[in-house]
Amino acid sequence: MRDTKMADLSTPTSILSPGLPEAVREAQSVFRSLMMALARPGTVRRIAVPVQSPGNLSPAATAIALALCDFETPIWLDEDLSSDEAILRYLRFHTGAPVTPDRGKAHFAFVSSGTQMIDFDAFSPGTLEYPDRSATLVVPVDELEEGRGWRLTGPGIASESRLLAGPLHPGFVTALAENRLLFPRGIDVVFVSGDRIAALPRTTAVEV
Amino acid sequence: MYVAVKGGEKAIDNAHRLLASTRRGDPAVPAIGVDQIDGQLGIAVARVMAEGSLYDRRIAALAIKQARGDLIEAIFLVRAYRTTLPRFGYSQPLDTDAMFIARRISATYKDLPGGQVLGPTFDYTHRLIDFALETDADAPEAPAESNEQPAPAPHVTALLDGEGLIERNPAPAVDAVVGDLTREPLSFPADRDLRLQNLARGDEGFLLALGYSTQRGFGRTHPFVGEVRFGEVEVEFFAEELGFAVPLGRIEVTECEMVTQFRGGAGAPPQFTRGYGLVFGQSERKAMSMALVDRALRTREFGEDIDAPAQDEEFVLSHSDNVQATGFVEHLKLPHYVDFQAELGLIRTLRAEHAARRAPDAAEPAERREAAE
Amino acid sequence: MNAPAASGYNFAYLDEQTKRMIRRAILKAIAIPGYQVPFASREMPMPYGWGTGGVQVTASIIGEDDVLKVIDQGSDDTTNAVSIRKFFEKTTGVATTTATGEATIIQTRHRIPEAPLTEGQVLVYQVPIPEPLRFLEPRETETRTMHALEEYGLMHVKLYEDIARHGHIATSYDYPVMVAGRYLMDPSPTPKFDNPKMHRSAALQLFGAGREKRIYAIPPYTDVVSLDFEDHPFEVNRFDTPCALCGASGVYLDEVVLDDRGRRMFVCSDTDHCETRRADGHRGADGDATP
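Protein chains in written order, with the numbering used here: chain A, -8 to 199; chain B, 1318 to 1690; chain C, 661 to 951.
Looking at chain A on its own, in the form it has when it is part of the complex (with noise of 0.2 Å):
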């Protein structure tokens, strides 16, 4: 079996905890779970795969990083992921992505926690020609139940679709709301929560 991810044999391999036992499998069924979420905003999917997530990274955010991160895309993480070497480690290590200090240029990013308040701003919505150039944000929260909470409409959604994701920073769902404004332009938001997820696209409509 061909594995492209280039292992960086200097470090230390003891002191980290293992990325996907079965990558290829795997890494399929984190991609699947993640498409539907996203082609069904609303909905609550389990990660279905054993991740040993280091520190303050949550399961679902570790398998989505094993999952969709690689050299080629840049990753960013807040203050408080940033600072826990053994998060910057595991990421480096598996999946070989470069860690970067500029949110407008990461692909994916992760924060700590929902309760605070994320500067939607700073990450790239892509431009008008090239909307795809733009940033997924993965929000860990403690609560995401499908069926009640928020109104979502949109497409993915048949009429109407509730979500639940809490406890979050008051301003979040303006700035969904901004966000969505700039379609096509726009970020997408991946909740994260143990390991379940729910996804956001940009053409999602959020009513409290």
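Some clues are possibly wrong.
Said to hold, decoys possible - Taking lysine-lysine and the DSS-like style, the derived pairs with C-alpha atoms no more than 27 Å apart in a straight line are:
1) Lys750(C) - Lys1327(B)
2) Lys746(C) - Lys1650(B)
3) Lys1327(B) - Lys818(C)
4) Lys746(C) - Lys1382(B)
5) Lys1382(B) - Lys1650(B)
6) Lys1327(B) - Lys1382(B)
7) Lys1650(B) - Lys1427(B)
8) Lys1382(B) - Lys750(C)
9) Lys1327(B) - Lys746(C)
Stated by the list, open to error - Covered, in the sense of this in silico footprint (three residues per stretch, anywhere, with C-beta under 8 Å from a C-beta of chain B), are these stretches of chain C:
10) 707 to 715
11) 799 to 807
12) 829 to 836
13) 881 to 892
14) 903 to 914
15) 936 to 945
Please keep in mind that the hints were generated in silico from the structure rather than gathered at the bench. Even for Gly, the Cβ is constructed at its ideal location relative to N, Cα and C.
Given chain A, put chains B and C in place with the hints provided.
Relative to the frame of chain A, chains B and C by itself:
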């Protein structure tokens, strides 16, 4: 009686078996060996390596054998193989000044440091079919070998540059990342690194025709062959863990530097400009065509008008790849009957309406009947 | 590690880095319905124009538990459909089917199955020219700006000129649609008969154009509206007769030439739909004529 078409799978298997036996030809005739292709059809091998974007003589020779001599099919095989190979990084830039020269000619100077080296070339041969080759005549005489240390052969453009007569090659930024259109889809406008990569992989015939068109006035560039050189160069790879570049081996390349139309004016003194071509193996036609087209594509850079096909970046770069081109042209062989049915329906409707318009008298009774009902 | 069915190659042929790159493009495509995401399409072991885009999309989403169906012109048994299905059987070992209802992934060229698709199903289209404006404006630089500015007047002019000349919009397949009210999109060369099936479909629709290096998507339950004019509303192709084999009407039919004296027969283009109906006892005028 109508029987729905069935058995596509079996038909495909049969077609593949037939292809295999056709490829082999008469079993009474010895099979052609990969060594023979590599050794005796070297220019075909070079083309497959160049446009297949993979320097591997054996794979290229095997692909030619498998493709029954269809070079574009062989290039396709090599590309599909290449794309599955792991990638370790990028080599150091080739130093063609240090080439072990087999052939080197300049059209701009009668003689120059390093000299004119004719080497193996079809130039000046009379194109008469050599019937002696039919009967495996005696092996040709081995060429005379010189024990002399070859003189260093600096590039002609460097000689011109010494006098300031030709534009400098722009020095790359220290941390400049060279683009790679096999990893990032091409977007326009494309910089010269990507254009050259595209041309190096591009179809020899397409580039030849475009280069030719610039000579005939569709984007004239006043070209002179500064030089064409062919020989072996060392490939080096910078090993991060060692901290220095290690040699990987030698490859054969053909390089062409065109000295083209000068420019200058208000701010700058007049200077010649450059067109560049580099291909795997010996292919002067491709290297020269590439250099002509490279220069033609630099019109934007020089603020020249873009009015000829060879100057049109999007046109050239989007159509140069013969693997893409042959796939799309040949896909017309695939069934299209669903779409054709839609067109049939439309054209029948339009024709019926047309006929009705042309013959109002004939249509009238029907209308009257309708009105009466 | 997972043992691929065809040794020497990764599961589903593509290497993991390529899959990640394509997966990221798919996620963007879903987030921006109808927008064509550029991706670094790889050379595949089948020719460009023969489904390399669709194959790369399918290879990037498929997992061991998937059930794959591949159709070309609505049929599972056309040579290219067979070839692509065999490719995935060999490189993934997943189960394949011809039954639309059993499939989790359906890769298609030129048709959408007649049976409505369901939630959780993914329809993967093979796309030759992803740019709906390409034949009106050959330059990528220009069409990209038109999409950025939502400047689609050119397409309306073209359709209107059709009406002026022919009395109809003279586009019978590859009929342009607006997705989620924002992007003009090429539905791939499906007959316009199939356009209404794209509208608010329960299935996720993914489009792959390998040679042109573009991926785009329509999420489930998304508005897909065929362009038209108030005085010339969009209409689908209609057939005068039902399927000669299963008697279905309101389905897309293939015209089969029976002899050189002009005898014709019309049968379902969707072979699975036709076979399912006949298994259920439906018969058309020539219903007993086939195996």
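Given the hint that lysine 1650(B) pairs with lysine 1427(B), does the C-alpha gap stay at or below 27 Å?
-> Between lysine 1650(B) and lysine 1427(B) the Cα gap is close to 53 Å, so the pair fails against 27 Å, i.e. violated.
Assertion that chain B covers the stretch 881 to 892 of chain C - criterion: three or more residues, beta-carbon distance below 8 Å = Violated, because only 0 residues of the stretch 881 to 892 of chain C bring their Cβ atoms closer than 8 Å to Cβ atoms of chain B.
If you draw a straight line from the CA of lysine 746(C) to the CA of lysine 1650(B), is it 27 Å or shorter?
-> 20 Å, holds
Is lysine 1327(B) close enough to lysine 1382(B), meaning Cα to Cα at most 27 Å?
-> 25 Å, holds
With a cut-off of 27 Å on the C-alpha distance, tell me whether lysine 1327(B) and lysine 818(C) pass.
-> Status violated; Cα separation ~45 Å.
Counting residues of the stretch 936 to 945 of chain C with a beta carbon closer than 8 Å to any beta carbon of chain B, are there 3 or more?
-> Three-residue rule not met by the stretch 936 to 945 of chain C, so violated; n is 0.
Taking 27 Å as the top limit, are the C-alpha atoms of lysine 750(C) and lysine 1327(B) close enough?
-> 16 Å, holds
Compare the distance between the alpha carbons of lysine 746(C) and lysine 1382(B) with 27 Å, and conclude whether the hinted pair is satisfied.
-> Satisfied, since the Cα-Cα distance of roughly 25 Å is no more than 27 Å.
Please count how many residues of the stretch 799 to 807 of chain C have a CB within 8 Å of a CB from chain B and say whether that reaches 3.
-> holds (count 3)
Within 8 Å of chain B (C-beta), three or more residues of the stretch 829 to 836 of chain C = Since three or more residues must qualify, the claim that chain B covers the stretch 829 to 836 of chain C holds, with 4 doing so at under 8 Å.
Given the proposed pairing of lysine 1382(B) with lysine 750(C), does the C-alpha separation stay at or below 27 Å?
-> Status holds; Cα separation ~25 Å.
Between lysine 1327(B) and lysine 746(C), does the CA-CA distance stay at or below 27 Å?
-> Given that 27 Å is the threshold and the Cα spacing comes to 12 Å, the pair holds.
Checked against the numbered hints listed earlier, the structure breaks hints 3, 7, 13, 15; every other hint is satisfied.
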